[in-house]
Amino acid sequence: MPPESTTTSVVESSPPSFRIQKERTQLLGLTLDECIQGFFGGNALVAVIILGLITFFLFREGSGFFSQNRDNLSIYRLAGLEYVDLGRQPDKDHAALSRYLSDLRRRTYQYYMEEEGLSAKEAGGRLADFDVYADRFARASAPIRSQLMEWGEIANDIKARHLGNQNLAEKRRQLLAAGKTKEAAAVGILPVNFAVEVSAITATLPAYEEATATLARSLEELILAPPPLPTVELTARMARFQTLTRDFIASFPATLESMKKWDASVPVPLSQSFTAFIFGRQWLTASFWQDWYGATPLIAGSMLVSLIALALAIPLGVGAAIYVNQLASPLEQRLIKPAIEFISAIPSVVLGFFGIAVLGEFLRVASGWSFFAWIPGFPFAERLNALTAGCLLGLIAVPTIFTLAEDAINNVPRAFKEASYALGASRLQTIIRIIVPASLSGIVSAILLGLGRVIGETMVVLLCAGNRIAIPDFTAGLGVVTQPVHTMTGIIAQEMGEVEPGGIHYRALFVVGLLLFFIALLINYFAQKIVRKYKVSIG
Amino acid sequence: MTAPFHRYTSRRGFQRRTESTIVWFFRFATYVILLCGVFIIGNICLKGLPAVTGAFRSLEQFPYVTNTFIFEAPESLYVFKHEGVKREMGDAEYRAFRETETARATAEGRPVPEFKASSYVYAAGGIWPCIVGTLLLVVGAMTIALLLGVASAIFLSEYARDGAFVRFIRLAILNLAGVPSIVFGLFGFAMFVLYFNWNVSLMAGWFTLAFMVLPVVITASEEALKAVPKGFREGSLALGATKWQTIRKNVLPYALPGILTSSILGIARVAGETAPIMFTAAYVVRDKLPWEVAKFSDFFFQGVMALPYHIYVVSSKIPQNAYTQRVQYGTAFVFLGLVALIAGSSILLRNKLRGRYQW
Chain A
1 MPPESTTTSV VESSPPSFRI QKERTQLLGL TLDECIQGFF GGNALVAVII LGLITFFLFR
61 EGSGFFSQNR DNLSIYRLAG LEYVDLGRQP DKDHAALSRY LSDLRRRTYQ YYMEEEGLSA
121 KEAGGRLADF DVYADRFARA SAPIRSQLME WGEIANDIKA RHLGNQNLAE KRRQLLAAGK
181 TKEAAAVGIL PVNFAVEVSA ITATLPAYEE ATATLARSLE ELILAPPPLP TVELTARMAR
241 FQTLTRDFIA SFPATLESMK KWDASVPVPL SQSFTAFIFG RQWLTASFWQ DWYGATPLIA
301 GSMLVSLIAL ALAIPLGVGA AIYVNQLASP LEQRLIKPAI EFISAIPSVV LGFFGIAVLG
361 EFLRVASGWS FFAWIPGFPF AERLNALTAG CLLGLIAVPT IFTLAEDAIN NVPRAFKEAS
421 YALGASRLQT IIRIIVPASL SGIVSAILLG LGRVIGETMV VLLCAGNRIA IPDFTAGLGV
481 VTQPVHTMTG IIAQEMGEVE PGGIHYRALF VVGLLLFFIA LLINYFAQKI VRKYKVSIG
Chain B
1 MTAPFHRYTS RRGFQRRTES TIVWFFRFAT YVILLCGVFI IGNICLKGLP AVTGAFRSLE
61 QFPYVTNTFI FEAPESLYVF KHEGVKREMG DAEYRAFRET ETARATAEGR PVPEFKASSY
121 VYAAGGIWPC IVGTLLLVVG AMTIALLLGV ASAIFLSEYA RDGAFVRFIR LAILNLAGVP
181 SIVFGLFGFA MFVLYFNWNV SLMAGWFTLA FMVLPVVITA SEEALKAVPK GFREGSLALG
241 ATKWQTIRKN VLPYALPGIL TSSILGIARV AGETAPIMFT AAYVVRDKLP WEVAKFSDFF
301 FQGVMALPYH IYVVSSKIPQ NAYTQRVQYG TAFVFLGLVA LIAGSSILLR NKLRGRYQW
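In the order they appear, the protein sequences are chains A and B.
Sequential numbering from 1 applies to the first sequence in the working numbering.
Sequential numbering from 1 applies to the second sequence in the working numbering.
Because the hints were derived from the structure by calculation, they are not lab data.
Wrong hints could be hidden among the right ones.
For the chain B half of the interface with chain A, some residues (derived, Cβ under 10 Å), not all of them [to be verified]: (1) 97; (2) 173; (3) 275.
Backbone N, C-alpha and C fix where the C-beta goes; we use that ideal spot for every residue, glycine too.
All chains, full assembly: derive it from the sequences and hints.
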């Protein structure tokens, strides 16, 4: 029986002739209507709950990454891999110089073939001296290379044994948890003494020092007698090569110094795990040497692709919004608006497929036309690159920008326009000086939301961006747009299916997802802030 | 002789010319967008249509006609030369052909023919499991999203007073709308697939997609509820109905068509997204159709093939050539047609409804 409220008992004390109030069903002290309201209110909270759950689960899965990455970096240091990588720097620089030489050879060859009209055989004959020189240069690094090889094997072995130990320890833990003490005791773990093991590497530093000295001597000898080259321009390049080589030789002491100073016992701070993720220049997984989880190439790729998309979508989207709202005839308005809405309904995976099947090839062929020869980076050989993805993403961003910008323009009070006309301004003057400034914040927020749409888009970039994990070479100027890139969304979609849950790679992908989530929230926040400001300005 | 300009007429000068140039730029921008859309859709339709129209086969029994591309499962395509004739066959047909030819050759006492076939995975057969999977995903996800979304919208439009709480909810909805779809995929993978241990399943896909489309449904429903005139509610309340009776009898019935049509746009979004179902619901290939399950409960915990994921697979995992083009363009065409049907009907319905409800 429901508890009776005081009001009903008061009414009942004097015999009622007329009762206006119906007795209400009550549940836990609430009327039915209040229960229903509570039910709907609870449902309204769903959005909040989902947002909370997303944050919670992304953090839950991603949070372990930084400590795991710290372990990863610690092993890198403890097992001496870092030391060997320090020693590898001269070898890498030397390889870069060798590439410079081969580039020089290509240029000289081209000169002989095209300017002097020699046959391939004659040109090769003229370059015989050069080839001998380049060969000697390339071989000069053999001593340090063999030393590095030896070190690499030792370091890799230490790391492999340590990781093996970790696996055994895990196995033992599982056996203990299962109550199999005997089997657990049988799992023998030979602990790795890093300090002793790594000293096998560091002790041979004098040999490495000797090898660099040999390298320096042979290089100095080489740069004194460069082979003669036919033109002034090529000779200047050779001179540049000599300076670069001298700089290279001069960098040896610093390298050796840093190797001498290197100390395996310095612990890796947790902050380095953060910085290695945010600023790390390499995303390298399942490598036999060392895995790196650096998000810079992915962030740079996402930014590049988004910039291309916005560069295309802003003029088109905003221009179309102005045209449809201010200039178009009523018939055009009625047709164009749904048509552009319809474009927004094209699924992104279909656009991605279109990029692979048609657009990529078309852009590659078009880049070869002499008409476009002035554009840096053209012609390009890669069918799938940032430009292909950017064009399609632009088409995805256009309906978003168009719809929101058109709304913003539509919200400008009619009186603004009329006043402008009354003052004698032309149609275009009114649009550019009155309508656009009055709706500018709405347009900007439309662009921001378009950016949010583009950054979060997955399928198009996964299919069309080329998926090369490298920081795009921004020194190429505008030509950077023709390079293949990989993006934050793309890497998650590509690698998530192949990783083992709970592992460092898995967690790294979640951290990328978290980064993406916060970028999206930030963009949303700014878009809303701008819209709020805009409301005030029109008053 | 031209008539002299009246002194108030604006003259054709520099300003006029720039003005018309800029107007032309705006017009150009608009038509470039439309042209791009038309070109993409046209390209896919032109190359994809033959895959569907060329696949009609007559049948012995009842429907008398079928379409092998739409109503069959994907198969590998084998291309080979036999007795000087180049043949293309699906997996099952190829095996049967090989057996009969071998049997024939042995019967005739000839050496057993050699078959050197190059195979293209998924390139033969049809896409029936993908269509079924997509429909199942859409129906389930939209049911969940509509239940949650409409209830949420009823609260926001009928019960809530403007205040910190409601502002908070609205902020959450706005932010939820901006979350990238791949993040929903990650979330669904972590929560439903791993934490709830549902594995790659319909259920996981339903909830992931429903959560993704929720902001669209809430916003659309709220708009539809707001469009019902205040007088309807006031009249009902004045006659002594409770708030809930008013909503049930006098608000929802009038808002329902609006809610449903606007939510169709949400359906198009659910059907079109690939990233959220990549790790939560979609299989690259699955032999059984969804209703071929041992137990009823298994139905909810099975992965399915889905059209968008199939497009991703056939466009990135198999080479582009004349043999694979059929399935690539055909799938894209069917998928685009499905989404266009949904989106087009929503736009048409909305225009029609706008005319009908004039209070």
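Okay, the hints, checked on the actual structure:
1. 97: violated, 31 Å
2. 173: holds, 5 Å
3. 275: holds, 4 Å
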